[in-house]
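*Asks:* For reference, the chains in residue letters:
Number of protein chains: 2
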Amino acid sequence: MTKPHIKLFIPGPVEVSEDTFQAMSQPMIGHRGSGFQDLYAAIQPKLRQVLYTKNPVFLSTSSAWGVMEASVRNLVAKKVLNCCCGAFSDKWLDVSQRCGKQAEALKVEWGQPILPEMVDAKLKTGQFDAITLVHNETSTGLMNPLAEIAQVVKKYPDVMFVVDCVSSMTALKIDTDALGIDVLLAGVQKAWAMPPGLAVFAVSDRALKRAETIPARGYYFDFLEFKANHDKNMTPSTPSIPHIYGLNFKLDQFAKEGLDNRYARHRKMAQKTRDWAKANGFELFPKAGYESVTLTCVKNNKNIDVSKLQKALKDKYKVLIDGGYGPIKGKSFRLAHMGDETPETVGQLHTMLDDCLKSL
Amino acid sequence: MTKPHIKLFIPGPVEVSEDTFQAMSQPMIGHRGSGFQDLYAAIQPKLRQVLYTKNPVFLSTSSAWGVMEASVRNLVAKKVLNCCCGAFSDKWLDVSQRCGKQAEALKVEWGQPILPEMVDAKLKTGQFDAITLVHNETSTGLMNPLAEIAQVVKKYPDVMFVVDCVSSMTALKIDTDALGIDVLLAGVQKAWAMPPGLAVFAVSDRALKRAETIPARGYYFDFLEFKANHDKNMTPSTPSIPHIYGLNFKLDQFAKEGLDNRYARHRKMAQKTRDWAKANGFELFPKAGYESVTLTCVKNNKNIDVSKLQKALKDKYKVLIDGGYGPIKGKSFRLAHMGDETPETVGQLHTMLDDCLKSL
Chain R
0 MTKPHIKLFI PGPVEVSEDT FQAMSQPMIG HRGSGFQDLY AAIQPKLRQV LYTKNPVFLS
60 TSSAWGVMEA SVRNLVAKKV LNCCCGAFSD KWLDVSQRCG KQAEALKVEW GQPILPEMVD
120 AKLKTGQFDA ITLVHNETST GLMNPLAEIA QVVKKYPDVM FVVDCVSSMT ALKIDTDALG
180 IDVLLAGVQK AWAMPPGLAV FAVSDRALKR AETIPARGYY FDFLEFKANH DKNMTPSTPS
240 IPHIYGLNFK LDQFAKEGLD NRYARHRKMA QKTRDWAKAN GFELFPKAGY ESVTLTCVKN
300 NKNIDVSKLQ KALKDKYKVL IDGGYGPIKG KSFRLAHMGD ETPETVGQLH TMLDDCLKSL
Chain Z
0 MTKPHIKLFI PGPVEVSEDT FQAMSQPMIG HRGSGFQDLY AAIQPKLRQV LYTKNPVFLS
60 TSSAWGVMEA SVRNLVAKKV LNCCCGAFSD KWLDVSQRCG KQAEALKVEW GQPILPEMVD
120 AKLKTGQFDA ITLVHNETST GLMNPLAEIA QVVKKYPDVM FVVDCVSSMT ALKIDTDALG
180 IDVLLAGVQK AWAMPPGLAV FAVSDRALKR AETIPARGYY FDFLEFKANH DKNMTPSTPS
240 IPHIYGLNFK LDQFAKEGLD NRYARHRKMA QKTRDWAKAN GFELFPKAGY ESVTLTCVKN
300 NKNIDVSKLQ KALKDKYKVL IDGGYGPIKG KSFRLAHMGD ETPETVGQLH TMLDDCLKSL
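Protein sequences appear in the order of chains R and Z. Letter 305 of the first sequence, counting from 1, is numbered 304 in numbering that gives the first Met the number 0, and no numbers are missing. Letter 176 of the second sequence, counting from 1, is numbered 175 in numbering that gives the first Met the number 0, and no numbers are missing.
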């Protein structure tokens with residue numbers, strides 16, 4: 000508690016505001032009583048608006064991985080196609096197999112996008128009844144062409160479309176129902192700017208129907224349990240009530256800002272950060288045209304000492320950036336610009352970076 | 000936010016103190032960085048002391064049900080014996096089956112305890128490789144004779160002993176290793192007096208070895224993933240960092256009070272509440288000798304209007320008691336006395352009850 004506050008510019012968890020913590024610190028209520036039901040019911044229309052869906056939006060007390068695993072457990076009877084383009088999307092293949100499911104990778108190099116024609120080629124084999132896509136691959140700072148891929152998936156009515164928007168949800172418009180997304184999921188410690196501990200996910204009617212046919216779904220992540228409890232404005236198990244208070248607060252904050260303004264702010268922060276990188280002679284790690292709107296993965300083409308840069312920023316300015324994920328550690332670094340950040344605070348980070356780069 | 004604060008005397012969630020919320024509101028840290036690893040490492044010895052175990056104690060961002068399901072998924076190859084004596088223990092049978100496992104109930108009437116000889120009779124059939132026991136059945140206010148049952152289970156070295164201590168952990172000594180418990184689990188919204196959203200569980204070596212032999216454990220609740228990450232002072236998935244801050248704070252609070260003092264306080268609150276009930280002509284719901292130390296389930300033998308009593312307490316005193324669970328709603332009511340409560344605050348509740356009972 001006596002440690003200095005290091006401000007996070009890593010791509011999650013991100014900085015959480017004082018008023019968010021305050022909202023989360025309200026007195027406990029029984030999760031089977033009317034107080035909780037009122038809270039849950041109040042949140043639903045706001046969530047549906049932010050996620051552009053008429054589907055119920057469930058609240059899972061878990062990280063997003065819980066819901067990623069749940070999607071496989073609840074929806075896959077034949078075989079799942081896991082689109083792999085970075086650490087998190089790659090891992091989904093492993094998780095699918097660990098759930099005892101048949102799974103196949105559609106794999107591209109890190110930094111490259113999943114393209115609609117690749118998806119089409121796989122799905123047309125008729126082997127698959129589900130596909131998983133990570134919209135915004137956090138490890139590489141890459142955003143896949145969701146709308147174009149969605150058009151392809153729509154051609155295959157038996158294929159469930161599961162989309163991980165962990166680090167993109169609320170930072171740009173994701174038109175869930177129009178895109179035919181069957182499960183849209185995210186944790187709240189990224190663009191939501193809340194502490195980790197809760198996942199939100201929207202599930203389509205046809206996904207619920209599919210779940211009815213799948214055995215051994217278990218209990219904790221059973222989509223049908225979520226639906227049955229949702230119908231009573233409750234969750235299957237005791238939820239993290241502080242997070243649900245926080246979610247409600249954040250949704251009201253989003254409404255005050257206006258969603259379009261929110262999206263414009265995220266685009267502006269992203270552009271500013273890409274411009275900063277290029278002005279400093281850096282390239283971007285993801286393929287041009289597929290850069291993420293919530294974080295910039297900078298290619299270390301100048302071969303700077305990334306860990307030294309991190310340390311300088313932390314020591315001098317009490318801010319933390321990420322030094323690259325797994326195999327691209329040191330060969331890249333990541334700057335997050337999401338949640339409650341603004342073009343101004345992101346600009347401040349750039350100034351700090353400029354200063355610390357000089358001293359390397 | 001403008002609603003009045005209703006103090007909870009329901010058996011979970013219970014009242015959370017201001018300083019706990021403050022501890023939970025510290026700035027976020029990266030869950031893959033040294034700050035988090037230091038926090039995790041600092042908590043471990045404290046947790047092991049409170050749980051009387053040399054085993055690692057894992058932190059699951061979920062409710063206790065997640066870990067209850069996990070225990071079945073990770074440990075059952077043959078068949079699990081689910082000891083059923085109330086709503087939560089009964090449900091474990093259903094959950095076991097939903098995980099695709101062979102399961103059988105050892106069932107007694109609500110209010111009756113599971114007795115060691117019943118367990119022996121079942122286990123000696125040789126059909127089972129795991130047994131689940133709810134130590135403190137929250138729905139009936141009954142505490143099963145854990146030590147005596149443990150002696151029986153020890154006779155069967157192939158049987159994994161899974162014990163749910165959701166509403167008893169930290170309120171009395173549970174000698175995990177001496178009792179041969181393979182999985183000891185609880186959520187933190189009961190005697191821990193934290194908000195819901197985290198489960199803690201200790202897993203024995205032999206349970207980890209058993210897990211190695213079980214397919215389709217999945218990822219989110221895979222015991223071996225917990226162990227592999229534990230060895231690096233991390234959790235498999237992004238954890239609820241606020242809850243882990245809170246856990247650390249609570250553990251320090253327990254140490255300051257002294258565990259023996261803590262247990263004595265809980266015994267005193269329980270005795271005082273049982274005395275209050277009897278002095279008012281009420282019987283206790285659970286069989287004599289098996290009353291819970293953390294909550295008192297009062298039998299409504301006087302046929303009072305329980306919901307009217309609840310309403311009077313809420314309106315006049317801003318406190319909430321529970322009106323009985325499921326099939327015994329109205330035929331019983333429950334008074335919790337755990338967590339941060341004291342004989343004094345419990346005495347205040349009794350005075351409020353006295354007053355409201357007069358007005359019925």
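Treat the hints with caution; some may be incorrect.
The list cannot tell twin chains apart, which means a pair is met if one copy fits it or any two copies do.
When the alpha-carbon atoms are kept at most 25 Å apart in a straight line, the in silico DSS-like pairs for lysine-lysine are as follows [unchecked claim]:
1. K100 to K208
2. K78 to K231
3. K255 to K78
4. K100 to K78
Worth flagging that the hints you see were computed from the coordinates, not collected in a lab. None of the values given here were measured: they were computed from a predicted structure.
*Asks:* If a hint holds in the structure, say so; if it does not, say that too.
*Replies:* Status of the hints after comparison with the structure:
| no. | hint | result |
| --- | --- | --- |
| 1 | K100 to K208 | both (19 Å within a copy, 23 Å between copies) |
| 2 | K78 to K231 | neither (33 Å within a copy, 34 Å between copies) |
| 3 | K255 to K78 | neither (43 Å within a copy, 54 Å between copies) |
| 4 | K100 to K78 | both (7 Å within a copy, 23 Å between copies) |
Comparing the model with each numbered hint stated earlier shows that hints 2 and 3 do not hold.
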